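J.: Numbering-wise, the sequence shown is residues 1 to 283 according to UniProt numbering.
FYI, nobody ran anything at the bench for these hints, they're computed from the structure.
There could be a bad hint or two in this list.
Simulated restraints, written as ranges between beta carbons of each label pair [claimed, not checked]: (1) THR125 / GLN7: 30 to 36 Å; (2) ILE268 / GLU112: 29 to 35 Å; (3) GLN7 / ALA151: 29 to 35 Å; (4) ALA239 / TYR122: 43 to 49 Å; (5) ARG97 / VAL59: 41 to 47 Å; (6) ALA164 / PRO93: 27 to 33 Å.
Because the structure is a prediction, the values reported are computed rather than measured.
Just so it is clear, CB atoms sit at the ideal spot from N, CA and C, and this is done for glycine as well.
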Amino acid sequence: MSLTSLQPEDRRAVDGLREGLTGTARLGVAFSGGVDSSVLLALAAEALGPDRVLALLGVSPSLASDEREAAHRVAAHVGVPVVEVPTFEGDRPDYRRNGPDRCFHCKDELFERISQDVVSRYGLTAVAYGENADDARRPDRPGSRAATAHAVLRPLADAGLDKAAVRRIARALDLPCADKPAAPCLASRIPHHSEVSPEKLAQVEQAEAGLRRLGLRDLRVRHHGDVARLEVAVEDLPALVADPLREQAIRVVRAAGFRFLAVDLAGIQSGAFTLPLVGVREG
């Protein structure tokens, strides 16, 4: 792994991140296998040594099984051990109610489980998570409040590393997730104020996994009762609405328990359910 190909501003930010971690004896990284937490994990391992870093993977019905497996592969590539942390956000009424603050209750559950069950057991002196500088500016990230409440560090954001910079660093480090599309938790596919349930999460997971097997890489299956509203990359729309992919996609979605498949012509929409409720429109 080498960062010599990075532009000077990226190298300076990375140096600042490393310097900020040097006083940490043993760090736990709340880890999902996505590009942000993977870059943080790799930089922490480089700064502190892999034996002083632990990847903490929250596991619940909102984590797709293929995402769980991919996270383990990335951590193995970095050389850092993974501790799976069972979380029970589904037991929290405020999480199930699925208001715009659902992310807060999910992250609060994760960080509480880490502080109660993991920190002392593994001798951690700090916990960090992969919020980047772009995330810190968004109004639809209530999970950051939970990080503040639990004194969880956010080294990427503190170093000024935005999503584009994180991607550049991931490529420089040759991480297997460097070009992986964003993969929010399965609960983000359920409209706010519609209850989150294990059954809905399982439907979404099955439908998305089947569609990926058809070759669609970046996608979301939004759960609207009997209707699956499918968001894909705009460049994938022509193939999706033509046979044979059209018929195959319908079969996959119906096998997951939906009656209808609707294709959203707007394509992938990050924060599609939350942003309108916090008074923000994406351009």
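J.: None of the hints should be skipped; say for each whether it holds.
T.: For each hint, the structure was consulted:
| no. | hint | in the structure |
| --- | --- | --- |
| 1 | THR125 / GLN7: 30 to 36 Å | holds, 32 Å |
| 2 | ILE268 / GLU112: 29 to 35 Å | holds, 31 Å |
| 3 | GLN7 / ALA151: 29 to 35 Å | holds, 32 Å |
| 4 | ALA239 / TYR122: 43 to 49 Å | holds, 47 Å |
| 5 | ARG97 / VAL59: 41 to 47 Å | violated, 22 Å |
| 6 | ALA164 / PRO93: 27 to 33 Å | violated, 38 Å |
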